[in-house]
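Enquirer: Sequence:
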Amino acid sequence: MIRFALNKNGPIALDIGSNSIKMLQFTQGNGNIRLAAADKVQCKFDMGDDPQKSKEFIVDSIKEMLRRGAFNGTKVVSCLPNSSIKIKSIRLDPTESENIEGLLKDELAERFEFDPAKDEVRYITAGKVYHGSEMKNEVIFFATDRTTIENHIAIIEEAGLTPEAIDS
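Read left to right, the sequence shown gives residues 561 to 728 (the working numbering).
Derived by calculation from the structure, the hints in this document are not laboratory data. If you're wondering where the values come from, they're calculated on a predicted model, not measured in any experiment. All residues carry an ideal CB built from backbone N, CA and C; glycine is no exception. A couple of the hints might just be wrong.
Distance ranges between label pairs, derived from CB positions [what the hints assert, rightly or not]:
{"hint": "1", "residue 1": "K623", "residue 2": "S649", "range": "34 to 40 Å"}
{"hint": "2", "residue 1": "P611", "residue 2": "R671", "range": "27 to 33 Å"}
{"hint": "3", "residue 1": "G589", "residue 2": "E616", "range": "32 to 38 Å"}
Below, simulated DSS-like cross-link-like pairs (lysine-lysine); rule was C-alpha separation at most 30 Å, straight line [what the hints assert, rightly or not]:
{"hint": "4", "residue 1": "K635", "residue 2": "K582"}
{"hint": "5", "residue 1": "K604", "residue 2": "K623"}
{"hint": "6", "residue 1": "K696", "residue 2": "K646"}
{"hint": "7", "residue 1": "K635", "residue 2": "K600"}
{"hint": "8", "residue 1": "K582", "residue 2": "K568"}
{"hint": "9", "residue 1": "K582", "residue 2": "K600"}
{"hint": "10", "residue 1": "K623", "residue 2": "K582"}
{"hint": "11", "residue 1": "K635", "residue 2": "K623"}
{"hint": "12", "residue 1": "K635", "residue 2": "K615"}
{"hint": "13", "residue 1": "K648", "residue 2": "K678"}
{"hint": "14", "residue 1": "K646", "residue 2": "K615"}
{"hint": "15", "residue 1": "K646", "residue 2": "K678"}
{"hint": "16", "residue 1": "K678", "residue 2": "K635"}
{"hint": "17", "residue 1": "K646", "residue 2": "K582"}
{"hint": "18", "residue 1": "K613", "residue 2": "K635"}
{"hint": "19", "residue 1": "K688", "residue 2": "K648"}
{"hint": "20", "residue 1": "K648", "residue 2": "K582"}
{"hint": "21", "residue 1": "K696", "residue 2": "K648"}
{"hint": "22", "residue 1": "K613", "residue 2": "K678"}
Take the sequences, apply the hints, and build the full model.
Expert: And the structure:
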């Protein structure tokens, strides 16, 4: 019997940090996952000093890594910088946990300076915890403004990549 190896490349992982830009890609075949490509570019200046210069450097660096590396495809999963994300954790009564969306628009938006009209807000329920003698649900909220996301996507697309997901 002849067996053909079915190779499947995952999306390119992209991390645009303040000191470097990193890319890697895994491939799967024959039941194994292996690193197919990886590259890194060090930033030689403070990325926050000049936004236009930073954008050009990031786009050029991504294009260069794509040219010299063994990356396949254009699909990319990227992450936003930590500095652009607000993270808040609260403990809710079980009855409040059933209406997180309602709380988000009212109390939480004001309490944690989220604006549901301008910010993208996501949350995860981390689980049940004791708060004194009471059982509460721990909920972690992540928020960033839409402009940050739009600018991040614009950089990715200008570099010739197709955003599949953005992580925080």
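Enquirer: Take the hints in turn and mark each one as holding or not.
Expert: A quick look at each hint next to the structure:
1. Between K623 and S649, the C-beta spacing of about 39 Å keeps the proposed range 34 to 40 Å intact.
2. At roughly 31 Å, the beta carbons of P611 and R671 sit within the given window of 27 to 33 Å.
3. At about 37 Å, the beta-carbon gap between G589 and E616 stays in the expected band of 32 to 38 Å.
4. A hinted pair counts as satisfied when its Cα atoms are at most 30 Å apart, and K635 with K582 qualifies at roughly 15 Å.
5. For the hint linking K604 to K623, the alpha-carbon distance of about 17 Å falls within 30 Å, and the restraint holds.
6. As the CA atoms of K696 and K646 are separated by approximately 22 Å, the hinted pair is consistent with the 30 Å bound.
7. As the CA atoms of K635 and K600 are separated by approximately 18 Å, the hinted pair is consistent with the 30 Å bound.
8. With a C-alpha separation of about 21 Å, the suggested pairing of K582 with K568 holds against the 30 Å cut-off.
9. A hinted pair counts as satisfied when its Cα atoms are at most 30 Å apart, and K582 with K600 qualifies at roughly 4 Å.
10. For the proposed pair K623 and K582, the alpha carbon gap of about 12 Å is at most 30 Å, so the pair holds.
11. A C-alpha spacing of about 14 Å is found between K635 and K623, which places the hinted pair at or below 30 Å, so the restraint holds.
12. Between K635 and K615 the alpha-carbon distance is near 20 Å, which keeps this suggested pair within the 30 Å criterion.
13. This hinted pair checks out: K648 and K678 have alpha carbons roughly 17 Å apart, not beyond 30 Å.
14. Pair hint K646 plus K615 holds up; C-alpha atoms about 23 Å apart against a cutoff of 30 Å.
15. For the hint linking K646 to K678, the alpha-carbon distance of about 13 Å falls within 30 Å, and the restraint holds.
16. With a CA separation close to 27 Å, the supplied pair K678 and K635 stays within the 30 Å bound.
17. Of the supplied pair hints, the one linking K646 and K582 holds, its CA atoms being roughly 23 Å apart against a limit of 30 Å.
18. Taking the CA atoms of K613 and K635, the gap is about 25 Å. The hint holds against a cut of 30 Å.
19. Note on K688 and K648: the hinted pairing holds, with a Cα-Cα distance of about 16 Å set against a maximum of 30 Å.
20. This hinted pair checks out: K648 and K582 have alpha carbons roughly 27 Å apart, not beyond 30 Å.
21. For the given pair, K696 sits about 16 Å from K648 by alpha-carbon distance, which is consistent with the 30 Å threshold.
22. Under the criterion of a C-alpha separation no larger than 30 Å, the hint pairing K613 with K678 is consistent with the structure, at around 26 Å.
Consistency with the previously given hints is maintained throughout, with no hint failing.
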